[in-house]
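Fit chain B to the given chain A structure using the hints.
In order, the protein sequence lines correspond to chains A and B. First residue of the first sequence: 602, per our numbering; consecutive thereafter. First residue of the second sequence: 28, per our numbering; consecutive thereafter.
Mixed in with the good hints, there may be bad ones.
Think about it this way: if two alpha-carbon atoms lie no more than 27 Å apart in a straight line, the pair counts; the simulated DSS-like pairs of lysine-lysine are [to be verified]:
| id | chain 1 | residue 1 | chain 2 | residue 2 |
| --- | --- | --- | --- | --- |
| 1 | A | LYS622 | A | LYS681 |
| 2 | A | LYS736 | B | LYS52 |
| 3 | A | LYS717 | A | LYS681 |
| 4 | A | LYS731 | A | LYS795 |
| 5 | A | LYS736 | B | LYS310 |
| 6 | A | LYS717 | B | LYS212 |
| 7 | A | LYS681 | A | LYS700 |
| 8 | A | LYS715 | B | LYS224 |
| 9 | A | LYS700 | B | LYS310 |
| 10 | B | LYS224 | A | LYS681 |
| 11 | B | LYS239 | A | LYS700 |
| 12 | B | LYS224 | A | LYS700 |
| 13 | B | LYS212 | A | LYS715 |
| 14 | B | LYS239 | B | LYS68 |
| 15 | A | LYS717 | A | LYS700 |
| 16 | A | LYS622 | A | LYS826 |
| 17 | A | LYS795 | A | LYS715 |
| 18 | B | LYS224 | B | LYS212 |
| 19 | A | LYS795 | A | LYS736 |
| 20 | B | LYS224 | A | LYS717 |
| 21 | B | LYS212 | A | LYS624 |
| 22 | B | LYS212 | A | LYS622 |
| 23 | A | LYS731 | B | LYS212 |
| 24 | A | LYS731 | A | LYS715 |
| 25 | A | LYS681 | B | LYS212 |
| 26 | B | LYS212 | A | LYS700 |
| 27 | A | LYS795 | B | LYS212 |
| 28 | A | LYS613 | B | LYS212 |
What the simulated footprint calls covered on chain B by chain A, stretch by stretch (three residues with Cβ under 8 Å from a Cβ of chain A suffice, anywhere in the stretch; the number is not a length) [stated by the list, open to error]:
| id | stretch |
| --- | --- |
| 29 | 201-211 |
| 30 | 224-236 |
If you are wondering where the hints come from, they were derived from the structure by calculation, not from laboratory data. Idealized CB from N, CA, C, for every residue including glycine.
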Amino acid sequence: MEETHLLEPLVKVSGVTLQYKTKDHLITATYRVSFDVFRSDRFILLGPSGCGKSTLLKAIGGFHRPTEGTITVNNTPVLKPGPDRVMVFQEFDQLLAWKTVKENVMFSLLASGKMKGREAEEAALHYIDKVNLSKFANSMPHTLSGGMKQRVAIARGMAMEPDVLLMDEPFAALDALTRRKMQEELLQLWEETKFTVLFVTHSIPEAVLLGNRILLLSPHPGQVKAELNSDGIDSIDVSGHRLSDRIHDMLFKDAV
Amino acid sequence: MPEQNKFRPEFIFEQTEPISGVVQKPLTSFERLTNQSWLRKCILLIVMACIWQVYALNLNNSLIFPTFTATIASFADAILTGGLMGKALNSIEILLIGYAVGLVCAATLTALAITTRIGSDLLETLTSMFNPLPAIALLPLALIWFGLGAGSIVFVLVHSVLWAVALNTHSGFMAVSPTLRMVGKNYGLNGFRYVYKILVPAAFPSILTGLKVGWAFAWRTLIAAELVFGVSSGSGGLGWFIYENKNMLDIPAVFAGLFTIIIIGLFVENVIFNNIEAITVRKWGMQT
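So here's chain B without its partners, still in its complex pose:
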């Protein structure tokens, strides 16, 4: 027996002592509330609106920086009488068309890339060529090809969506673990069923990132394009609304236009994409 163990007898507890103190207790309602990210974000938004209001009141120049309340009033007015809703819907409609066509193109290119080596080379080359190219830079060319109208805008939208989505989806597919691939093959999956049942869900975090980035790119491109020639694309969209009101020096309405863009952006990000995340990648434990 080692020297130091001579004075230390072994012992075994037949029964453990009852524990005093907390093992498990519910959090207080304040702790629960502060755990809600939407609540924290709402508070942030309110604080920012307050800062805006105080700053604008101090500046006291509605031509440069209207107050928050004036913007809201103008926003309400534009919705009720100025047809802002209709213009926003115009923008969203054309955006969705461009987004959908972009997604189809991205799916086709990615499908080509995962099935053939030359397809993969093609995708990589095209992406590195066109991804850094701002979609709006293609607008002049698009105007020549498709004329003033929805066609040109859809073309630049497709360009802005396609590369972001294809790149992310492809790299997501590439990162699917060999083990998971073997599991799929083991149970006799191949071709479309293999892509649909194994690759797509396994790569879903990347695909979702691509969809989000593509959406943001498309939104920006659309507003920028509309600022240039909104008048000819039907009744004009949000970009045109902003441009028109700037010309009339109705700056609160310009702010209201920007406000609308922000609201739609917040809605898409926090309601649509957030819910998609909640029922997919977060539920699957791929993202916390």
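One chain only, chain A, in its complex shape:
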């Protein structure tokens, strides 16, 4: 039973073309992108800006309808946003400024109707503890640093225990030292709970460190360039190259 479960992709993206309209243009963000994410994957969408990786993530979140192709999660087509796919954003204002840290984490559980009262509070405190913010459970978000705000957002997402956690460059707005620390913490959390995460980034080192599988996208419009495995330590492969160097070459060989 468990065996077949593992062989079945959790998120299936097949032939997805995404388009959106600006005031003057119809823009194709991604063109016929396909990939499969399996349970407990740390799946990275990597590419330069303009490759549609964020749009793709939002489409999996249900915020954007594909013009072509299908997206399924757990064999169910994605039609609208839902608490089985929780997004963590880059922006610090994703926290509800009028709620404390604890209430923010509880909010996800209560709003989605997953839990009630006491149970939600206990679950919230459990995940706040996981991201090492127990001391700040009753603080207002504006009193926290950027890194702490992102930890709250991660705790809020994880408390939902979603099928897949969708992270849209969650560490991009942090300073380099905090970012480094957050990456380590995320890996630590993954070791503990083995959640499935889809992570968008434009940083090659971040992709190599965090991912076990990396999808490389080319820009304008986004198309799949490669899908690579990563062991997290950027080791040298049989051809004598580091993974990060291979990615770097692939991304920049088209450039002038």
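Below, chain B without anything else, positioned relative to chain A:
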């Protein structure tokens, strides 16, 4: 090694030196007191009252400009015997009715505006048409429609509250960040729950501004309307009190009437709205 580094050895301190001087110490009580804005404002008010008193004493003409003390005496007298309290309550009662009806209308219009595009067009058009129109200019028309009485005043009050509140609330909703909207949708909120749990708190600074502006507009409109025909609206309000006393050339009482309006205004702004701000937008870090 670069040339200039040859004479500069690297070093690492195992232990940092103990610090002499202040790292953290409490402020003196004088510094604390001057940090209180209510205290600074009170001092300002006292200074202004003193200037008033000195000027009026020099002028020595209570028909044009009575002294501060005469105004206070007249104020106390009007409260004790002249029924000023009752008149003020009349004014406040009708004001609250007009304000409440205005808020309901504003909520309905804004709800329409955020759910449909045509509703949004409607709100924008109506606001740009009616917001610049002084409510008091509608009074003659209101008198024809609703007659001399509370109905007319409530009508002009609604007009003065509605546009300010609707405009501010709508622009507040529009300014809610896309990220926050997506967070709300992500956890399955929609319809009324989405507005109530995400949009309203996120737009609260704008909504509060609208409420304050609406309140001030309503207050002004009310007094102006009462000056015109306070006599017929029950026992008359503050505006009528001022008008009546002017006719009797009891100028200290006119000042006492104005004084009452100012006191109520200060109370609403500094006690009611200030406390609402303290437990909402300031606590949430949306306003410092």
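Results for each hint:
1. LYS622(A) to LYS681(A): Holds, because 19 Å separates the two Cα atoms, which is no more than 27 Å.
2. LYS736(A) to LYS52(B): holds (24 Å)
3. LYS717(A) to LYS681(A): Satisfied, since the Cα-Cα distance of roughly 24 Å is no more than 27 Å.
4. LYS731(A) to LYS795(A): With Cα atoms ~14 Å apart, LYS731(A) and LYS795(A) stay inside 27 Å; holds.
5. LYS736(A) to LYS310(B): holds (19 Å)
6. LYS717(A) to LYS212(B): holds (19 Å)
7. LYS681(A) to LYS700(A): It holds: about 26 Å lies between the C-alpha atoms, which stays within 27 Å.
8. LYS715(A) to LYS224(B): holds (17 Å)
9. LYS700(A) to LYS310(B): holds (10 Å)
10. LYS224(B) to LYS681(A): holds (19 Å)
11. LYS239(B) to LYS700(A): holds (24 Å)
12. LYS224(B) to LYS700(A): Cα-Cα ~11 Å, so holds.
13. LYS212(B) to LYS715(A): holds (15 Å)
14. LYS239(B) to LYS68(B): Within the cut-off at roughly 19 Å; holds.
15. LYS717(A) to LYS700(A): This hinted pair holds, its Cα atoms lying about 17 Å apart.
16. LYS622(A) to LYS826(A): holds (25 Å)
17. LYS795(A) to LYS715(A): holds (21 Å)
18. LYS224(B) to LYS212(B): Answer holds: LYS224(B) to LYS212(B) is near 11 Å, not above 27 Å.
19. LYS795(A) to LYS736(A): holds (25 Å)
20. LYS224(B) to LYS717(A): Given that 27 Å is the threshold and the Cα spacing comes to 16 Å, the pair holds.
21. LYS212(B) to LYS624(A): Holds, because 24 Å separates the two Cα atoms, which is no more than 27 Å.
22. LYS212(B) to LYS622(A): The given pair, whose Cα atoms are some 21 Å apart, holds under the 27 Å limit.
23. LYS731(A) to LYS212(B): Roughly 25 Å separates the two Cα atoms, so the pair holds.
24. LYS731(A) to LYS715(A): holds (20 Å)
25. LYS681(A) to LYS212(B): Answer holds: LYS681(A) to LYS212(B) is near 9 Å, not above 27 Å.
26. LYS212(B) to LYS700(A): The given pair, whose Cα atoms are some 17 Å apart, holds under the 27 Å limit.
27. LYS795(A) to LYS212(B): Holds - the C-alpha atoms of LYS212(B) and LYS795(A) are around 26 Å apart, at most 27 Å.
28. LYS613(A) to LYS212(B): holds (22 Å)
29. 201-211: This one holds; 6 residues, not fewer than the three required, reach chain A with a Cβ under 8 Å.
30. 224-236: holds (count 5)
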